[in-house]
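**Student:** Each chain is listed here by its residues.
2 protein chains.
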Amino acid sequence: MPTRRQCANAIRALAIDAIEKAESGHPGAPLGMADMAEAIWRHHFKHNPANPAWVDRDRFILSNGHASMLYYALLHLTGYDLPITEIESFRQWGSKTPGHPETGVTPGVDMTTGPLGQGMASAVGMALAERMLAVRFNNQEHNIVDHHTWVFCGDGCLMEGVSHEACSLAGIWKLGKLIVLYDSNGISIEGRIDGWYNEDVTARFTAYGWQVIGPVDGHDAAALDAAAVLARAETTRPSLIICRTRIGFGSPGEDSEKCHGSPLGENAALGTREALDWHEPPFAVPDDIYAAWDARQAGRQAEEKWQAAFAAYRKAQPDSAAEFSRRMAGDLPADWPSLAQNILREVQGRTEAAATRVTSKNILEYLVPRLPELLGGSADLSGSAGTCAASSRHFDPASGLGNYISYGVREFGMGAIMNGLALHGGFIPYAGTFLAFSDQAKNAVRLTALMRLRLVWVFTHDSIGVGEDGPTHQPVEQLAALRAMPNLLLWRPCDITETAVAWQCALESRRAPVCLSLSRQNLPSCTRSAAQLVDIARGGYVLRDCAGEPEIILLATGSEVPLAVETVSWLAGLGHRARVVSMPCTELFDAQDAEYQERVLPKACRARIAVEAAAPDFWRKYVGLDGAVLGMSAFGASAPAPRLWKHFGFTVEYLLDIALKLLKNYR
Amino acid sequence: MPTRRQCANAIRALAIDAIEKAESGHPGAPLGMADMAEAIWRHHFKHNPANPAWVDRDRFILSNGHASMLYYALLHLTGYDLPITEIESFRQWGSKTPGHPETGVTPGVDMTTGPLGQGMASAVGMALAERMLAVRFNNQEHNIVDHHTWVFCGDGCLMEGVSHEACSLAGIWKLGKLIVLYDSNGISIEGRIDGWYNEDVTARFTAYGWQVIGPVDGHDAAALDAAAVLARAETTRPSLIICRTRIGFGSPGEDSEKCHGSPLGENAALGTREALDWHEPPFAVPDDIYAAWDARQAGRQAEEKWQAAFAAYRKAQPDSAAEFSRRMAGDLPADWPSLAQNILREVQGRTEAAATRVTSKNILEYLVPRLPELLGGSADLSGSAGTCAASSRHFDPASGLGNYISYGVREFGMGAIMNGLALHGGFIPYAGTFLAFSDQAKNAVRLTALMRLRLVWVFTHDSIGVGEDGPTHQPVEQLAALRAMPNLLLWRPCDITETAVAWQCALESRRAPVCLSLSRQNLPSCTRSAAQLVDIARGGYVLRDCAGEPEIILLATGSEVPLAVETVSWLAGLGHRARVVSMPCTELFDAQDAEYQERVLPKACRARIAVEAAAPDFWRKYVGLDGAVLGMSAFGASAPAPRLWKHFGFTVEYLLDIALKLLKNYR
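Heads up: the protein sequence lines correspond to chains A and B, in order. Residue 357 in numbering that gives the first Met the number 0 is what sits at position 358 of the first sequence, and the numbering runs on without skipping anything. Residue 576 in numbering that gives the first Met the number 0 is what sits at position 577 of the second sequence, and the numbering runs on without skipping anything.
Hint data in this document are derived by calculation from the structure and do not stem from the laboratory. Fair warning: there could be bad hints in the mix.
In this list, chains with the same sequence are indistinguishable; a pair is considered to hold if it fits within one copy or across any two.
Claimed, not checked - With a straight-line cut-off of 20 Å between C-alpha atoms, the simulated SDA-like cross-links for lysine to any residue are:
| # | residue 1 | residue 2 |
| --- | --- | --- |
| 1 | 257 | 642 |
| 2 | 314 | 327 |
| 3 | 257 | 393 |
| 4 | 314 | 523 |
| 5 | 45 | 293 |
| 6 | 173 | 341 |
| 7 | 20 | 243 |
| 8 | 20 | 642 |
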C-alpha cells in the first residue's frame, strides 16, 4: 500500500514529465498542490470517473488554472477517460490536455480557467445553484441535491478584485458547501509576494462571513484531512482553508518563482525525482499507486446510491423528479413553443412607444412565472435595467428561496457567478446593468462565450440616449467589443417585437450566450408583415422597402431604426427608391445563406448607410468603402438626450443630407 | 456667523435646486454627505480656488461621482470660477456642471468619476505620486511636496473589486496621506444593502493595513473634525473614516433609496427646505454663508506660502526645482529630440529577429535611465511583458524610492492607479500585462481615454502566437475593442523600428493615451528607406512596393507583416504588382490628409487583403466589400504556435491563395 505522499508524488511525476515533454507549462503549482489534491480527491471528493455528467457530483474548480497538469493527473489517476497518451500530449494540438483547463475538452473538467480569480468567483455561482436546487427539490425524505463545490486557488486569485466581489456575496449567501483551498505559497510570478500582497487573509475572509481554517501545513495529509472535515461540517458559512505550501515542492527551484512557469529542465527534473524518491520512467506509475488512486469503484457505488435515491424520489415525487431532470438537462418546458408564440402574438399588437428596456421587462413579466429556471439579477440597477419582474422573488439567504439576486455593484462578480450557475446546470441566469459597465464584466463575458454557456446579459442605457448622466455612462465602443467576441450573439432590438424575438433566441440558444442591448428612451413600435416577423430571427431583414431594386439602403439597429425609417420616407417623397434594413443581430444575419443575404443587401446597391449611435468602423463590413456610417466617433456628453442626438448628427436632416450626397455619387 | 450645519445646508439647497431645475440628478448623496464636505473642505482641505492647478494643493476625488452637485456646490461656494449660472445649468449642454464630474470641464475637478470604485483606486495613484515626489524632491530644509489626497466614496465603491485591488496596495505602500471618507449610509439603488453588502469593513481595511476611524456620526461636525485630525496625524497608514450618514438628509425620502437618483419633486423639495430651516429662494445663498465658505483669501495665502517656500527651494536647489517644474508641467527633457533620434538611429541598424515585447524592453533600457518621470510596472508579468529595465528600481514602501511597481495580479487596479499617477502629474506611468487581460482593465482604460491622460499600456502576447497557454490567454477581440475607443492610439508594431516609433509617439502624445500591442514570438526586422522611416509615424505606410500602380494591396500589422511581405514576394514572382502596407496605428493613419491616404491606399485598387490575427470585421474599413480579411473569427486553441498559425490559415500558401482568387475577380 503506497503512502499518501507517494500518491501525491504520482501527480508530481506526471506533471514534471508532461511539462518536460511539452517543453512548456507551469510545474510550480502542481508540485506545490499535489498533497492538497491527494487529500481532497482521495478522501473527500464525491465523483464518478465513469460519468463526469452525474448531476450530484461534487464540483471542482482549479481557479489557478495554470496548474492544469495537477488536474489532468488527478483525472487520469482516478480513472476518467483520460489515458496516459493524453498526458503525453499535454499542450499539443487536438489533445484533451490543453495548457489551461477547458471544460468540454477534457472529461471531468468543470470549468475553463486561466484568468485568475474567476474560477473561485464562478464556484460561488455553482455553490449557489446547489443550494437553491437543494431547497427547491429536496424534502424531508429525499436528498437528491447534496454536493460540495471545491476550489483550489492561489495568491493571484485573491489579489484579483473579482475574488472580493464574489467572496463577499458567498458569505452573505451562506454557502456552507463552498470550500476553497488557498494554495498560500507566498510566491507569484515576480517573486516573494510580500511587496505586493501582504494583507491579513484570515481577517479579510472572516470579514466576509467565512469560516477560515488554518493556516495548515499544505504538505501534511492529516492536517489537510482535518481541515476538510471541519469545512464539510460547517453548513452555513463558506470555508477557506489556508494551506501553506512550497511552490515547486521537491524541485531545485522549490519555494521560489523560478519553478513557476517553465519546464524544470532535464537535470532539475531528474533531481526532483530523486528528491521525491520517485524512480519510475517518464509517464509510468506503479500499479499499486494506480490502484490507490482508482476511484472508479467507489465512484460507481456513490452514483448508484444516488441513482437509487433518485429512483425513490421519482416514485414519490414524479413531477418534481421530472422537473429536476428537465432543468438539469437544460431543456425548456414542453409548452415552450406555444409560450413563445403567445409572446410574439401579444407583442405584435402593441403600438405604444416604449423603451426596449421596458419592453424587455414586460416580456420578463410573462417569462419569469413560467420558466422557473430563470434566475435573474442585477448589479444594483434592477429598476433601471428592468430585470426584476413582479413575480420575481429576491433570493433569501436564510431560506435559500427565490429566483432573483441583488448582486450589488459588482458587474464582474455577477458575470462570473452567472457562469458558475450556468455551468452547474438547473438555471438559465440573466442579469442587467448599463451597457457602459459591460466593460467591468468583459472577461467574464469572454469566458461565457469561450465556454458557450447559456445565459443572458441585459445591457440597458445603450447609447447617448442616456442623456444627462454623461459620457461615463454612455457606451460608445462596447457594441464593437461584444460583436468582436466569438460565439456570442448581440441583439440590439428596435421595438417590443424585436425584443421578444431576441428573448426567444436567447432562451433557445444553448451554445451561444446572448447580450441584449436596450434603450433607456422610448422608441415607437414598428408594424410588420407575417414574413417580416419571421425574418427578425435571421438577424437582419428588410423593414421598409420600395418598389423595385433599391437605389439606397439604410441599415440600422435599435434606437436608430426609427430615424432610418423616417429618413427613408423622406427619400421616397423625393422620388428615391430607398430601403431600411433592420439588423438587430449581425451574427445571425452573417449565418444566413448567400441567397438571403443578397435579397436583403443586394450586391448591386453600394449606396448604403449604417446608422448606429456607437463606434462606426464595424459597419464598414456592410457598407464598404462606398457607403457611409453615421455613428459615434467621440465619447458622448452630459445634456438632455434630444440635445445630444442633435449635436452628434442623429437627425433626419443630417441623415437625409448624407443620403442625398451618397446618391449623387451614384448618379 | 452661520453655523456649520447652515453652511452644509447651502450645499444641500444648491443640490436640490440644481437637480430640480435639471429635472435629473442624484440628490440623495449630496444631501447625505454635505456635513462631511463641510468638515473637510472648510477645515482641512488645502487649496486655492483661484488656481486649481497649484501643484501642491490637496487632491479631492468624489468616487461616488453621482454626487456631483456636492462637488459643484463646494467649488462654487469656496470661490472657484464656477458662478451660480453654472449651477443653474447643471447637466445642460455646454455647461461646466455635467451629470458626473469631468476633469478638464470644471475648474477644480481632479478626476472624472462615475463608474464606482475607480475614483478611490485612482486616488491611490495620486497619493503614491505625492509620496514618491516628496521623497525625490523634498529635503531636510525644504518641503515642497506635501499634500493630502481626500476621497469621498460610497457603499458601491467598496463593493466593486477595484477597491479591493487598489486599497490592498495602498496599505502595502504606506500611503499615510490618503484619507478616504466612506459615506456609509447603508443604502444603494436597490435599497437597504444588508442583502448584498454586510461585510465587516473595519476588519477588511484593517486587514489591508489601513487605519480605520469610526464609525463616526457623519452629520456631527465635531466628530468629523476629530476623525480628520486623527487621519492627518497618521503618516504611514492610509486612513478610512467610516461616516454613518442618512442618505437624502432632510428630505422626505431620507434614509431610503427613494431619494437616490431622481429629483425630489416640487413638494418634497419644499418640505426639505423646511426641514433644513432653509428659507432662501432657489439658487440663493445668504452673504454670510458665502463669506463663511469663501476660501479665496486663505487659499491665496496658502499658495503664496508655498510659492515662497518654492522660491527658496529654487534658490537653494535650482536644478531640482527646475526638474520638479518640468515634471509637473509634463514636459519631456530638453534633450528629448536627440534622445529619440538616437533610438531611431540605433534600431534602424538592427537586423536580428526579436519579439516586439523584447524590442520594447530594449527601448525601455535606453529610456528608463534617461526619463525619471517614467514609472513602470506590471500586473505580475514583468518578465514576460518586458517592462522592467535593468535600471528600473522597485518601489520600496519603506523609503518611498523607486521607479517600478509590482502591482500584483491586479490589472484593473493597475489601470486605475496609473490614471491617478497621470492625473497627479510628475509621472508618465507605463505598465504591462497580456493583451487578453486588457479586458479586466477595460473601464480604467476607458477613463484614461475619456480624460485624455498620458500613459502607456504595454500589452504583450498579442495573438495566438501565445501558443500552448491556449485560448484564455490568446486575445482575439481586444484589438477591435481598443480601436473602437475614442481618443486612444493603439500601436501594433511589426519590428524594433516600428516599436521605437511607437514608444516615441507614446511619450510625445500628451492628449491621447497609447496602447502597445506586442508579440510574444520573434519577428524579423524590416529594412526601410529614410522616407519610410519617417512615414511610420503616420500610422500606415507603404513598406514593400511594386513598380507602377498596385494590382493588389496587402495591409498588415505586427506579427502578420512578415507574412504579408513574403506573400507579396511570391505575388511579384508570379508577375503581379503587389504592395504591402504596414498599418501599426490606424488612428494616426486616419488622421492623415486625403492625399497621403490615397498615396498609400489608392482608391482605384480594390483588391485589398487585411491580415491580422484578431477579429476581422474592423478591417472592412480599409478593404471594403470587395477585399478580404485574414483574421481570427474563433477563439484560439492550445498548441505550439506554429501549429496554430497553420490551422488558422496564417501561411503564405493560404494568403497567396486568397490573393490569387481576389486578383481573378479583377481580371
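**Student:** Taking the hints in turn, state whether each one holds.
**Tutor:** Tested hints:
1. For a Cα distance limit of 20 Å, the shortest separation of residue 257 from residue 642 qualifies neither inside one copy, at 59 Å, nor across copies, at 28 Å.
2. Taking CA atoms no more than 20 Å apart as the test, residue 314 paired with residue 327 passes inside one copy only; the shortest distance there is 18 Å, against 77 Å between copies.
3. For the homomeric pair residue 257 and residue 393, the shortest alpha-carbon distance between copies (19 Å) is at most 20 Å, but the shortest distance inside one copy (48 Å) is not.
4. In this homomeric assembly, residue 314 and residue 523 never come within 20 Å of each other (Cα to Cα): the closest approach is 52 Å inside a single copy and 70 Å across copies.
5. Proximity of residue 45 and residue 293 under a CA criterion of 20 Å is satisfied intra-copy only: 13 Å inside one chain copy versus 69 Å between copies.
6. Taking CA atoms no more than 20 Å apart as the test, residue 173 paired with residue 341 passes in neither setting, with 39 Å inside one copy and 62 Å between copies.
7. Within a single copy, residue 20 and residue 243 get their C-alpha atoms no closer than 29 Å, and across copies no closer than 60 Å, so neither meets the 20 Å cut-off.
8. Within a single copy, residue 20 and residue 642 get their C-alpha atoms only as close as 64 Å, which misses the 20 Å cut-off; across copies the closest is 16 Å, which meets it.
Checked against the numbered hints listed earlier, the structure breaks hints 1, 4, 6 and 7; every other hint is satisfied.
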